[in-house]
Structures are given as C-alpha cells and as structure tokens.
Amino acid sequence: MGEFLTGSACFVLAMVALGLVRILRGPADADRIMAPQLLGTGGIAVLLLLAAATGAPAVVDVALSLALLAAFASVAFVLAKGSPAPGKADEP
Amino acid sequence: MLQAGGSLLVLALMLPVIGILLIMSLDARHTGKIALALMPAGLAVALAIAARVWTTQAGLEYFIGGWAPPLGVALRADGISAVMLVTTSVVIGAAGLFARAEFRQPDNQPEARAPLMFWLLLLGIWAGLNAVFLGGDLFNLYVALEMLTFAAVPLVCLSGKAETLAAALRYLLFALLGSALYLLGAVLLFGAYGTLDIALLAARIAAQANMASPVWPLALWVALALMTVGLLAKTALFPLHLWLPPAHSGAPAAASAVLSALVVKASFFLIVRLWFGMLPGLTPWLGAQLLAALGAAAILFGSVLALRQARLKLLVAYSTVAQIGYLFFVFPLAANPAASTASAALAWTGGWMQLVSHALAKAAMFMAAGLIAETLGHDRIAGLGGVARVVPITVIAFALAGASLMGLPPSGGFVAKLLLLSAAVSQGLWFWAVVMLLGGLLAGGYLFRVLSPALGPLPAGWTPAARIPRDRQAVALVLALGAVLLGFAPLKSYDLLQFGRPAIAGAVTR
Amino acid sequence: MSAALILDACLVLLVLAVAVWTIAARETFPAIAGFVSYGLLLAIVWVRLSSVDVALTEAAIGGGATGVLLLGAAARLTDRAGRRPAGIGLRIMAGALCLAITAALAFVILTLPDPAPTLAPQAVAGLPATGVGNPITAVLVAYRGIDTLLEKIVLLLAVIGVWCLTPDDSWGALPAPWGTARQDDAIVLLARLLAPVGVVVGVYIVWVGADDPGGAFQGGTILAAMWLLVMMAGLIAPLPATSRRLRRVLVAGPALFLAVAFAGFAMSGDFLSYPPAYAKWLIKLIEAALTLSIAAMVGVLVIGPAVRKR
Amino acid sequence: MTAEQLYGLCGAGLVGLGLFGLITAELPLRRIVAFNLLGGGAFVVFGVIARRGAAAGLGGDPVPQALIITGVVVGFAATALAVTLVRRLHEETGTTKFDQDELPPETVKLSDATLSGGNP
Chain A
20 MGEFLTGSAC
30 FVLAMVALGL
40 VRILRGPADA
50 DRIMAPQLLG
60 TGGIAVLLLL
70 AAATGAPAVV
80 DVALSLALLA
90 AFASVAFVLA
100 KGSPAPGKAD
110 EP
Chain B
16 MLQAGGSLLV
26 LALMLPVIGI
36 LLIMSLDARH
46 TGKIALALMP
56 AGLAVALAIA
66 ARVWTTQAGL
76 EYFIGGWAPP
86 LGVALRADGI
96 SAVMLVTTSV
106 VIGAAGLFAR
116 AEFRQPDNQP
126 EARAPLMFWL
136 LLLGIWAGLN
146 AVFLGGDLFN
156 LYVALEMLTF
166 AAVPLVCLSG
176 KAETLAAALR
186 YLLFALLGSA
196 LYLLGAVLLF
206 GAYGTLDIAL
216 LAARIAAQAN
226 MASPVWPLAL
236 WVALALMTVG
246 LLAKTALFPL
256 HLWLPPAHSG
266 APAAASAVLS
276 ALVVKASFFL
286 IVRLWFGMLP
296 GLTPWLGAQL
306 LAALGAAAIL
316 FGSVLALRQA
326 RLKLLVAYST
336 VAQIGYLFFV
346 FPLAANPAAS
356 TASAALAWTG
366 GWMQLVSHAL
376 AKAAMFMAAG
386 LIAETLGHDR
396 IAGLGGVARV
406 VPITVIAFAL
416 AGASLMGLPP
426 SGGFVAKLLL
436 LSAAVSQGLW
446 FWAVVMLLGG
456 LLAGGYLFRV
466 LSPALGPLPA
476 GWTPAARIPR
486 DRQAVALVLA
496 LGAVLLGFAP
506 LKSYDLLQFG
516 RPAIAGAVTR
Chain C
4 MSAALILDAC
14 LVLLVLAVAV
24 WTIAARETFP
34 AIAGFVSYGL
44 LLAIVWVRLS
54 SVDVALTEAA
64 IGGGATGVLL
74 LGAAARLTDR
84 AGRRPAGIGL
94 RIMAGALCLA
104 ITAALAFVIL
114 TLPDPAPTLA
124 PQAVAGLPAT
134 GVGNPITAVL
144 VAYRGIDTLL
154 EKIVLLLAVI
164 GVWCLTPDDS
174 WGALPAPWGT
184 ARQDDAIVLL
194 ARLLAPVGVV
204 VGVYIVWVGA
214 DDPGGAFQGG
224 TILAAMWLLV
234 MMAGLIAPLP
244 ATSRRLRRVL
254 VAGPALFLAV
264 AFAGFAMSGD
274 FLSYPPAYAK
284 WLIKLIEAAL
294 TLSIAAMVGV
304 LVIGPAVRKR
Chain D
548 MTAEQLYGLC
558 GAGLVGLGLF
568 GLITAELPLR
578 RIVAFNLLGG
588 GAFVVFGVIA
598 RRGAAAGLGG
608 DPVPQALIIT
618 GVVVGFAATA
628 LAVTLVRRLH
638 EETGTTKFDQ
648 DELPPETVKL
658 SDATLSGGNP
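Residue numbers (the working numbering), protein chains in the order written: chain A, 20 to 111; chain B, 16 to 525; chain C, 4 to 313; chain D, 548 to 667.
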C-alpha cells in the first residue's frame, strides 16, 4: 500500500513538473503567477499522499500550511502586479 | 575552568541586549541615557572578567542552562577574549560619549529617527561583539556574526544619503556571502565530528591526528577554507576589501570609529579561534603563508590608495585596509613550526597589540576626521589649511593616533610592530619584515599629507561651519593617548594574552 | 529501485531545474516566480528528510514571507539587466569556482563518516527535564535556548534596520507597502474567509509544537501572513514605526524569554535553565509570547518602512 | 545511491548555483535571490547530515534540525533588510545598480598627492 501511495505521489510530482515548465515559460507574468498556485495544490496532494504512505500525521500540518501560504503568495502576486511601476508592463 | 565566574560572561553578553529591549519599550527621551548608563556597567563587567582570567591564569567557561556541549552551548573567555571585551567596552563607551550631543532626542518634540536608531544599533553592535568574543559554539557564533552585520549595515546608511545606501548594500552583500560560507563550513564540521563546540572539535580533530592518519579528512580542509574565506570577506582583507572604504567613510563619525576599530576585528578574531583554537598545533603552514601574503598585499595596496585619496575620511578608511594586513602576520609567525616558543609568543603578543592599538588609534582618528569635517563643512584634504588653529585638540589627537599607526616609539603601535618585526627577523622571514617597514613609511606619507596642510596658515576670511565643543575633542584625544600609552604597558601585563591559549608552536602539519 | 527513491530523484531534479531557472532567467519577475516555487518544493524535500518542523518553517518562510517580500520589490523596481551579460571572463571564472566548490562539497558529503555522529540520544535523554515531547522544541528553547534568544535579537535588529531606512520626513508615517492598488472585492472576501482560518491554524501549530512538529516560529509566521493579508485587503491599517503598542508587542517575547532566563539563576541555578516542575508551563508561556512577537516582526519586515512623501 | 546521498548532491548543486548567481548577477535583487538559493543549499546539506543522524527512535538528529530553523529565520531577516535597502536605493536614485569594481571617486595622482602639502 505504501509503495502504491508513494508511486502516486511520484506521478503527481511529475505532472506538477510538466505544468511548471509550461507556466514559468510565460509569456506573460500573469501566467507565471500560477506557479505557486500549481505548487500549492500539487504540493498538497504530494504531501497528503506521503503522510498516508509514511504514517506521519504531522505531515498533514505541512500540507495545511502550504495551502494557506500558497493562497497568500498568490494574493501578493496579484497585488504586486496590480500597481505596476512605470515601464514594467507585461509583454504581449 | 569554573562555572562560578560564568555569570559574568552571561552578564557581558546580555547587558546590551537588555538595553535594546528597554529602549524599544520605553519613551524616546530615555534613549541615550539608557545606552550611556549601560556602558560603565559593561566596562566593569569586562574588567571583572579580565581580572578573573588574570588571577586564575586560565579561561572562564559557562555552560548555558547547565547543558554541557555537545548538546548545549558554552561561553568561554580566555586572555584574548578578556582583552577584546575590555577594548570593546572602552571604544563603545567613547563612541557613546562622542555621539551624546549629536544623537540627542530633541526636547518636547516628537521622537526623531536618527538618535533612536543610532543608540539601538550601537548597542546591537556591542551585543554582537561580546557574543563573538565569548562564543564557544560555531553556530552560536554564526548568530553573533549576523547580529553584527544587521547592526553595522544600517549604521552605515544612517544619514540616508544615496551614496551611503549604495555602500551599505555592497557591505551587506559581502557580509551575507561571508556568513553563508561560514555557515556551510560549520555544517560540514558538524557532519564530520558531530559537534559545533570549538573545544570539543579541537579534541576530536587532535584525536584523529594522533591516530596517525596521514591524510587529513577532506571535510576539515573544505570547512576550514570555506569558513576562512567567508570571514575574510567580513574582515575586508585584500582583495575582499572593496566594500570597506565607502562603508566606513559614509557612516557618522562615531559609527565609523566603532566599525573600523572593532567590527572588522570580530571576524579576524574568529579566524584566529579557528586556526589556533580549533586546530591547536596543527595550523596549516601553507595557508598561514597565504594569509600573510594577502596581509602584505593589503598593507601595500591600502597604504598606496590611502596616499591617493582626496577626502580625509576615505584616507582614514583605506588606512584601515592597510592596518588590517599586519594582523595576518600572526598566522605564519605564531604558528611557524621552526620557531622557538618564545618567538611564536612574541608574534602572538605583537598581533594582539596591533589589534588593540589600532582599535584605539583608528577610533580616535575617525572621530578627529569627523570633527574636522564638521568644522570645515567638508573633508577635502586639499582644503584642510590651518585647521589646527581652529580645533587644535582634534588635530593633536589625529597626530597622536597617526604616530601609533606609523609605529613611532613609544606608542602601542610601535611595540606591536616591533614585536612582529623581531619575530619575523628571528625566524628568518625577512620578506614580511621588509613589508612591515615599508608599510610604516607609507603610513608616514599619508599622514604627512593631512598634517602638513592642517598645521599651515588659515586662509583669509575663513569662518567655521560649526563650533566643536571641547568634550567631543577630548574623547578623541583620550583614545589617541590610550593608543600611545599602550606602549608603556608593563611587560608582565602581556601575559594576559597567553592565558587559556592552546600551545601553538612546535607541531605543525605541512 | 523503490518508488520512494524514484520520488526522491524526481524531486531533486525538479528542485535543481527550478534553481537553474531562477538563476538563468533573464527578467527578474519570472526568476522570483521560480524562487517561490523553489521554496514550496523545498518544503516537500524537508518532509522527505524527516524534518517536518523544518518543512513547516520552509513553507511559511521560503514559500510565503520571502516570496512576498521579493515580489513586492520586483514589482516596484524599474531596473532591468543590461542587454549583454557583463564580463564573460568573470562568468567563466565564477563558474569554474562554483563547480569546484560543488565538487568538493559533493565529495565531502559522500564520504561523511559512517555511522554518522548524532546527538539524538542525548537530546531524547534530556527531554524529561524540559517537560516537552518534541525534541526540536527542547533544542530551541532549552538546550540551545541562547541561540533562539539571540536569533530574536537578530530579528529585532533587522526590524530596526528596516525602520532605519525610513526617510527622515516620513518618520512616524504609515507604511504603504502595496501602494494604492485598487482594492478588489475578491481580496476582501478572501481575507475575511481565510484570515480566521489562518489564525486558528497558526495558533494550533504553536500549541502542538511542545509535543509534535510545530512551534512559535512556524505558527507566528502564519499569523503574520494573515495579518498581512488583512492589511492587503485594506481591512486594517498598518502600524507606524513610532507606535508604542507595536514596539511593545515586538519586545514582549524576547523580554519574557530573557526574564525567565535570568530567573533561572535564582530558581534552578543556571541562566536559561528551567525548574523541572514548571518547565513545560514556562516553555509554553515563552512560546506564546514569542509567537506574538514573531508575528509582529515578520509582518513589519515584509511591510517595510514608510516611504518618502511625494 | 541512497536518498541521503541524492539530497546531499542536490544541496551541493544548489550551493554552487546560488554562489554563481551571487557573484555574477547584475541586479542586486537577483543577488538577493541567489543568496537565498545558496542558503537553501547549505540547509539541505545540513538536513542530510541531520537525517544521517537518525537514532533513538527519531527520524533525524534534532539538533541540526533545530539549527536549520534558526538559520532559515536569520536568512529571512537578512533578505528583508537587503530588499528594503534595494528599494530605498531605487527610491533615491532611480536605479539599483552600483558598480562593483569601481573605486570611490576623487582619487588624486600619486605624484600630486605627496606634493599637495601647502595650500590653499
């Protein structure tokens, strides 16, 4: 069972990696804003699977914090781009 | 080693911290008073520690919370810690007196930024310095180094001028690189030896060497190299000195004094702790020569650049770059496998004398330079004409401090350089001796450039930009006199530097 | 090869790839997006290294606070790197140096002594004297409490340093970290929904810290994030550097810690020692006070100083 | 290869990458990011050392783990100070670039320096 859960975590991580490549390449900064979101959700999935696989309940707390802070980082992303400094407009 | 004297070590470490917490929570008008009240107390504690080390002829040790290393953290004070603690409280106290009027909270007005920040940061530097001089644990020392950095960098840009901001940023980046490398080295040592306590590390490293393993563990070499380079960046040894001149010349005079006199010495102190304390009798010979070569380059390069400066504070800052170089002669001279114990001890004493006398002289010099700049409204060397007629005490302080830097008898700088020189000559290391003599000549050159116009006639129709109160000039003079009078210290008192020192000469790996 | 090892290999490759992206990206903004991802990935690395406490810290700091700090700066700085990278010679030399250091480190790591030296048995043996069940909390508050105390002073000095960068004419003014960003209803809604949950999570993480992974720093940072979120949404105003209330909150934790440390002299003979009967109670009290101070410190550090009046 | 060795190599690689960025990046903000990568690498190495010390029923040696937490906090404080400094510099000068190798201005020629005694 543990082996299967770890394998699933591995699969999720690989998917996150693929998504991350697409997101970080842009082209617009708005696309890149999705990176922490993706890692927030993907990371939570990986962590929850790992918590079950290794039987370490405290790992769930890490997933919880990750969820909270990924959301927080996204808000900051949006706000940071909401007041662009001159000459910092996104490329089309 | 006794736990009883340990409460003194805790007190030395915590007095400045208490000051920071008090200033942060109390009303603004108490700011300067709290800081100034703590300074004599700190000096008393430092003197008590020195007295204790002197009478017991051994180091003090305290295990915090009663938890012995490797699990807990030890504070230790040996002879050199005691000397550094006393020097620190003297210079910090002098800087406090010097800055008292400049950084006074205005009466019956809202709190001002600069005074509050100055006193908090000064206490922060003091806490960091004491933590470095007392620390017995590599990670605890990392935190102490960071305290120093975080207090020193904002002091550099206290005025908020653009050029000081750039200088502070450059300083911070160098310092952060230095601490990261230091931390990495400490991590490797923990991985290899399972402790961060310097004394335990020394024992475990020596035990390994005694097992006659011909090849030293690579971990030790890599760690030592990383930590040394990191600390050199913080000490501003050539060629990692680029950050120092703009940073030290841009800060307020009282802060420059502390930065140049003490802060760069803290990381030097740690290098000595590592090379002599952690590797007693095992100091790598080639590395020691390399450090001395960099020191020699620093002396020549720093002095020549000091000669070329057009501004007084920059000249004084480059002089620090040069004077730091002398300190590094301790490594080959005090750890020379071929040297007699007496010759090694001469070099060891000479190195610390250089450190203390430079601390006093440079603090005095930066204060004097600051006062001269205040009087004239600028610090261009070309416009110093006749300033000795306006602020004679200040110029005398500058000249006395300069005499010690040049190594003129009977100053402390003279004794320091004489000891180093005779150690170099007795060990047949002529090259270092020649560099030291050259450095003295060059120092004479750059100081002549300042003193010659300063003693000349006043330009006609000149009016001072500010009047300088006598007491501020007196502070600079007392420090400069201290640097000179150090040369009269009785020979017996030098023994203090040797207490708690691991035997260093004799057994060196090649 | 087990599934676990494949997972580890994937994770390592991903972390390294994101790090390369962060260094190599031309523009600053994508580099920082990469860095935030790096922080979140490291949290998973820490779980794999059986350091759940560190994972919590990394998630809070690497992914959260540091990321927000860098993003805020990147959005405001108009600087761009020059068209051609400076000094190809420097880059080659730096590359060679860094490669050498990496190689040396790798060699040292692969040849570390086996069995590895460890302090785990001693740390566990000391636990009864501290009354806590989480050995990491015991290290942080008891065995090596001095590090934690001085680290709080480091944080305080960083706060002072950040305040020191206030222009003189703005001393006492409110910091405005997010400029005059148009306040969306969505953010206000998020703040109203998320902040109470976050506060509960933060307090919970501090509370369990005595016996399970968690503690003052991790919890305090989550509280700080929630404080920042509510300020971002414009629901409450930031506090100025001159605020007495703010300063007392900043100082409360370290001051209480220091007071208990000195009381140790009288109560059990040593600075920073706890009488066994009250140890757990005292440590919880210190953690609670530290949490508040840490939340305030992290918040202030992220908000930054008041900027020049225009 | 064990998982610890894998993460150890990862830490070593991160240190190298961070160091490279810290030395070569043009913008101070990028140097700060690189410093954080470097710090992260150092902590991963420490984490590997902690993991190797697993004993007494613990998954790792708690002492290095606790020290990593302290280190992360200190690194965050450093980042905050550096970022604020960069922002203020930008506010004052409109740029954050500063030449790394340039000597402070206003140096005089050596030949003039020794002669510039009597003036004005």
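If you are wondering where the hints come from, they were derived from the structure by calculation, not from laboratory data.
Quick reminder that beta carbons are idealized off the backbone N, C-alpha and C, glycines included.
Fair warning: there could be bad hints in the mix.
Going by beta-carbon spacing under 10 Å, a handful of chain A positions derived as facing chain C [said to hold, decoys possible]:
(1) 39
(2) 40
(3) 57
(4) 62
(5) 65
(6) 69
(7) 71
(8) 73
(9) 74
(10) 83
(11) 92
(12) 99
Structure-based check of each hint:
1. Taken as an interface hint, residue 39 of chain A checks out: its beta carbon lies about 6 Å from the nearest beta carbon of chain C, inside 10 Å.
2. Of the supplied interface hints, the one on residue 40 of chain A holds, with its beta-carbon coming within about 8 Å of a beta-carbon of chain C, less than 10 Å.
3. For residue 57 of chain A, the shortest C-beta to C-beta distance to chain C is roughly 8 Å, which falls under 10 Å, so the interface hint holds.
4. Look at residue 62 of chain A: its Cβ gets to within about 5 Å of chain C, closer than 10 Å, so that hint holds up.
5. The interface hint given for residue 65 of chain A is met, as the beta carbon of that residue sits about 6 Å from the closest beta carbon of chain C, less than 10 Å.
6. The interface hint given for residue 69 of chain A holds, since its Cβ lies 6 Å from the closest Cβ of chain C, which is under the 10 Å cut-off.
7. A hinted interface residue such as residue 71 of chain A counts as satisfied when its beta carbon comes closer than 10 Å to some beta carbon of chain C; here the least separation is about 12 Å, so the hint is violated.
8. At its closest, the beta carbon of residue 73 of chain A sits 8 Å from a beta carbon of chain C; the interface hint therefore holds under the 10 Å criterion.
9. Hint status for residue 74 of chain A relative to chain C: violated, with the closest Cβ pair at about 12 Å, above 10 Å.
10. Because the smallest distance between the Cβ of residue 83 of chain A and any Cβ of chain C comes to about 6 Å, under 10 Å, the interface hint for this residue holds.
11. Checking residue 92 of chain A against chain C: minimum C-beta separation of about 5 Å stays under 10 Å; hint holds.
12. About 4 Å separates the beta-carbon of residue 99 of chain A from the nearest beta-carbon of chain C, less than 10 Å, and the hint is met.
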